[in-house]
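Trainee: With the sequences and hints as input, model every part of the structure.
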Amino acid sequence: MVKTDNTILTAEGIYKSFPGVQALENVDFNLNKGEIHALVGENGAGKSTLIKALTGVERPDKGAINFDGKEVSIKSPQHAQEMGISTVYQETNLCPNLTIAENILIGREPMKWGSIDWKTMNSQAKDILLGLDIDLDVTQTLGSCSVAIQQMAAIARALEITSAKILILDEPTSSLSIHETQQLFGVMKKLKSEGMAIIFITHFLDQVYEVADRITVLRNGKLVGTYAPSELSHLELITKMIGRTLDELDDMTKLKLESSHHIKKEDLLETKGLGRAGSIEPFDLTLHAGEVVGIAGLLGSGRTEIAELLFGIEKPDSGSINMDGKTVRNYSPIDSIDRGVALCPEDRKVEGIVSDLTVRENIILAMQASLGWFKRLSSAEQYEIADKYIKLLNISTPSADQPVKNLSGGNQQKVILARWLATNPRLLILDEPTRGIDVGTKAEIQKLVLSLAEEGKSCVFISSELDEVLRTSHRIVVLRNKEKVTEFSGEVGERKIMQAIAGSEKS
Amino acid sequence: MKQSKSFFDLRKITESKIFYPTVALFLILLFDLIIIPGFFHLEIKEGHLYGNLIDILRNSAPTIVLAMGMTLVIATGGVDLSVGAVMAIAASTACIMLNPNLIGLKLADVTKEADPTYSASPLLLVFLVPLIIAGICGLWNGILVAYGRIEPMVATLILMIAGRGIAQLVTNAIKIIIYNNTFLEIGNGWVFLLPFALYIAAFVFAIAWFITRRTSLGLFIESVGINSRSSFFSGIDEKKIKLFAYVFCGICAGIAGLIAVSSIRTSDANEVGLYFELDAILAVIIGGTLLGAGGRFSLFASAIGALVIQATTTSTLALGVPASAIIAVKAVVVIVVIILYSRQVQDFVRKIVGQTKPMESKS
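From first to last, the protein sequence lines are chains A and B.
Numbered by the working numbering, the letters in the first sequence go through residues 27 to 533 in order.
Numbered by the working numbering, the letters in the second sequence go through residues 19 to 381 in order.
Simulated from the structure, these hints should not be mistaken for lab results.
Note that the Cβ used here is the ideal one computed from N, Cα and C, for glycine as well.
Please note: incorrect hints may appear among the correct ones.
Said to hold, decoys possible - Across the chosen pairs, the derived CB separations fall in these ranges:
| no. | chain 1 | residue 1 | chain 2 | residue 2 | range |
| --- | --- | --- | --- | --- | --- |
| 1 | B | A311 | A | Q104 | 25 to 35 Å |
| 2 | A | S344 | B | Y359 | 44 to 54 Å |
| 3 | B | A311 | A | R521 | 29 to 39 Å |
| 4 | A | Q104 | B | I345 | 33 to 43 Å |
| 5 | A | P103 | B | Y359 | 17 to 27 Å |
| 6 | B | L212 | A | F400 | 50 to 60 Å |
| 7 | B | R232 | A | F44 | 45 to 55 Å |
To be verified - Derived DSS-like pairs: lysine-lysine, alpha-carbon spacing no greater than 30 Å straight-line:
| no. | chain 1 | residue 1 | chain 2 | residue 2 |
| --- | --- | --- | --- | --- |
| 8 | B | K257 | A | K431 |
| 9 | B | K30 | B | K257 |
| 10 | A | K401 | A | K341 |
| 11 | A | K78 | B | K257 |
| 12 | A | K375 | B | K63 |
| 13 | B | K369 | A | K414 |
| 14 | B | K30 | A | K375 |
| 15 | A | K431 | B | K35 |
| 16 | A | K88 | A | K266 |
| 17 | A | K375 | A | K352 |
Mentor: Here you go:
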């Protein structure tokens with residue numbers, strides 16, 4: 027490892043294990059002053075654990091950390107902060123009902139006559155933000171600002187608490203628009219020029235190439251290597267992250283073509299003027315057996331609302347659903363399951379997994395719900411079903427009795443998929459099934475969707491990643507402003523769909 | 019990897035919900051063994067087993083019964099503060115059904131009111147009607163919580179306050195002395211050396227265990243408690259599950275009310291079941307079900323929790339501490355429980371047990 031005078035932090039031979047997982051194994055990491063260092067890897071690669079070890083949230087089982095030339099043992103997040111290691115997490119831990127100024131200076135408000143000196147506080151906060159090249163009204167409440175501004179406030183606060191030497195940004199751009207991301211990068215570059223060392227964790231590889239000076243890749247808790255962006259192509263980087271080539275993705279096209287021959291003529295489900303005020307304008311949609319229908323559109327265009335209407339989470343206030351030629355009367359999840367409809371929801375943590383239940387219990391949950399109270403699956407049956415899907419979907423877990431919360435995001439997603447496959451649905455609605463999960467698992471899930479279609483199941487595939495929708499869908503429905511705009515079947519170019527999403531008003 | 023079934027798997031033992039309550043019970047009894055001479059003395063008089071241990075079992079019966087219902091309610095993420103008041107309602111109802119004369123309703127034969135065989139209503143109804151009314155009380159709580167979306171603490175507070183008033187109305191605010199022998203058997207009778215109330219508690223435990231563990235209800239309750247939205251998305255009718263838990267809890271409170279009033283032989287709407295909701299909640303917490311969060315529950319651990327509370331009370335009394343000070347001792351139990359279940363202590367135990375050896379992962 028290259029050590030220069032410039033080094034601010036080195037970690038050597040870090041080990042950390044959790045029940046059932048070796049999260050980090052002999053990981054080395056070093057960070058220089060005035061650099062943006064990207065930390066990349068699939069979900070479960072050990073990025074978060076490494077950050078937790080560096081910020082005192084977790085103590086490594088083994089290994090040494092050197093900070094500013096001295097060997098240190100970081101006892102707690104407070105201790106890390108006092109030393110000068112500041113972290114901004116994915117979900118900012120700020121108070122949306124306070125003003126920006128209050129959020130930045132909370133706990134260290136300037137006082138006058140025993141009460142807060144608001145004037146000084148606001149001007150101090152404004153100066154701090156100006157230092158980041160951001161000029162805005164600091165007296166507005168944080169909740170009314172864009173996510174990007176909230177992120178900036180979180181950074182400003184992190185920098186303000188101590189004279190930070192290291193700033194760790196954990197997935198800061200995951201909920202930012204392109205413009206906001208650029209704003210954030212501006213701040214990062216400015217801090218870097220002032221000598222700040224920044225660790226930047228992200229899923230977006232384009233951004234890595236845009237700002238990072240060096241890239242450290244982790245895989246399965248082990249260090250793959252640290253590289254300069256110039257010596258590593260996109261493809262090489264992905265290969266290093268997932269440890270195999272992307273030929274699999276190319277196979278998809280073939281698979282899709284094959285499965286398109288299996289699309290049945292008869293309709294499985296048909297909606298006529300189905301809609302719900304405020305959620306989605308009335309739309310007509312026909313789904314055939316053996317077909318994958320993609321839904322494309324921007325966030326908030328009504329994608330999730332369609333899924334929730336089809337599955338009975340929400341009740342429509344106009345139109346109807348016909349399934350097998352019969353009009354649907356009862357709208358509720360359990361009625362949908364009985365009809366053979368399944369929904370893999372958008373928000374895995376809130377709507378998907380039941381964290382404290384085991385993998386086995388999570389997998390059989392929907393099936394058991396459709397069987398009811400009295401037809402309890404015996405434990406032998408439960409294990410049989412769970413083991414079958416653990417194998418089929420390649421879920422990596424020490425055993426079926428592991429609480430599902432101990433699994434990585436991608437594996438949790440597979441558990442939810444298993445839950446729905448176990449109900450043997452005829453229509454599977456997947457709402458953002460690949461969000462926040464690693465490249466390898468993404469490909470697995472996309473392939474699975476196509477092979478399900480080949481078996482004669484109908485799938486609705488919702489994703490904000492257009493290339494993914496293109497890759498898997500036989501037909502694509504485009505939504506804009508809570509309205510179904512158009513429908514494409516056969517081969518369509520990305521550009522055409524983009525135009526449909528953007529709408530005619532776009533010049 | 020298959021979980022090891024070894025009896026000496028220390029980690030599995032310490033992570034079981036039964037571990038802490040059993041250790042607590044054991045420690046209390048150990049303390050009694052050392053400090054209080056003759057605490058474990060048992061003797062058979064007139065075919066009944068007597069002694070402090072039997073006292074603990076007998077007096078904990080109403081709390082065990084309450085704890086069964088409370089466990090399910092807490093597991094769904096709720097709490098039921100009204101069980102004490104529901105006990106009073108059930109007790110008052112039973113008493114006026116036995117003898118409506120006492121509150122001035124001249125419906126029955128006045129001359130027989132102190133007759134130990136007299137009951138104004140068929141005895142079966144004397145037992146059933148209070149339980150049905152208790153079930154309706156539970157239904158009320160359940161509707162408020164599940165369908166009204168009112169915070170359980172607030173929703174059940176309504177009946178906790180109103181319930182005693184209702185019980186007072188039922189008995190016309192008169193203390194009713196119970197003479198009926200059959201009814202008195204519930205709290206005072208003995209079968210095969212042991213108190214009858216204990217059999218009732220065991221029966222309620224068996225029923226609760228059966229309906230939660232032999233059907234899929236237990237899984238649904240845990241799932242709803244951990245994440246009700248995910249459960250809804252998976253096709254579980256979370257409202258129905260919550261409603262059921264509160265109704266069951268109400269019926270348990272009714273049974274506990276009958277046991278309690280029978281053993282004190284007098285129905286006083288202000289006294290029956292007073293503070294019992296706190297004992298029931300405490301028993302469930304000692305049993306390791308998370309108050310507020312819900313989720314995983316163990317009925318057996320809750321039952322042991324009830325025994326821990328009663329063992330504390332009986333031991334304190336045996337030590338000569340005045341009965342009025344027992345609440346202070348219970349407070350100490352609460353503090354110990356909080357400390358035992360704190361993350362620090364749990365981590366410490368895990369370290370001692372040595373669970374750091376990672377399981378091999380399947381890859």
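Trainee: Against each hint, give a clear statement of whether it holds in the structure.
Mentor: Cross-check of the supplied hints:
Look at B/A311 against A/Q104: about 26 Å separates their beta carbons, and that is inside 25 to 35 Å. Restraint check, A/S344 to B/Y359: a C-beta distance of roughly 52 Å satisfies the suggested window 44 to 54 Å. Roughly 50 Å separates the CB atoms of B/A311 and A/R521, a value that falls outside the hinted 29 to 39 Å. Checking the proposed 33 to 43 Å range against A/Q104 and B/I345 shows it holds: the Cβ atoms sit about 39 Å from each other.
Take A/P103 and B/Y359: their Cβ atoms lie about 24 Å apart, and the range 17 to 27 Å holds. A beta carbon spacing of about 33 Å between B/L212 and A/F400 contradicts the range 50 to 60 Å that was offered as a hint. B/R232 and A/F44 have their C-beta atoms about 34 Å apart, which leaves the hinted 45 to 55 Å range violated. Note on B/K257 and A/K431: the hinted pairing holds, with a Cα-Cα distance of about 25 Å set against a maximum of 30 Å.
A threshold of 30 Å between alpha carbons decides the hint, and for B/K30 with B/K257 the separation of about 33 Å lies outside it, so the pair is violated. Our distance criterion of 30 Å between C-alpha atoms is met by A/K401 and A/K341, whose separation comes to about 28 Å. The hinted pair formed by A/K78 and B/K257 fails the criterion: a straight-line CA distance of about 39 Å is larger than 30 Å. Annotation: proposed proximity of A/K375 to B/K63 is violated, straight-line Cα distance about 61 Å (limit 30 Å).
About 34 Å separates the Cα atoms of B/K369 and A/K414, which puts this hinted pair outside 30 Å; it is violated. For the suggested pair B/K30 and A/K375, the alpha carbons sit about 27 Å apart, so the restraint of at most 30 Å is met. As the CA atoms of A/K431 and B/K35 are separated by approximately 19 Å, the hinted pair is consistent with the 30 Å bound. In summary, the hint linking A/K88 to A/K266 is supported, as the alpha carbons are separated by about 25 Å, within the 30 Å threshold.
Using a Cα cut-off of 30 Å, the hinted pair A/K375 and A/K352 is violated, with the two alpha carbons roughly 34 Å apart.
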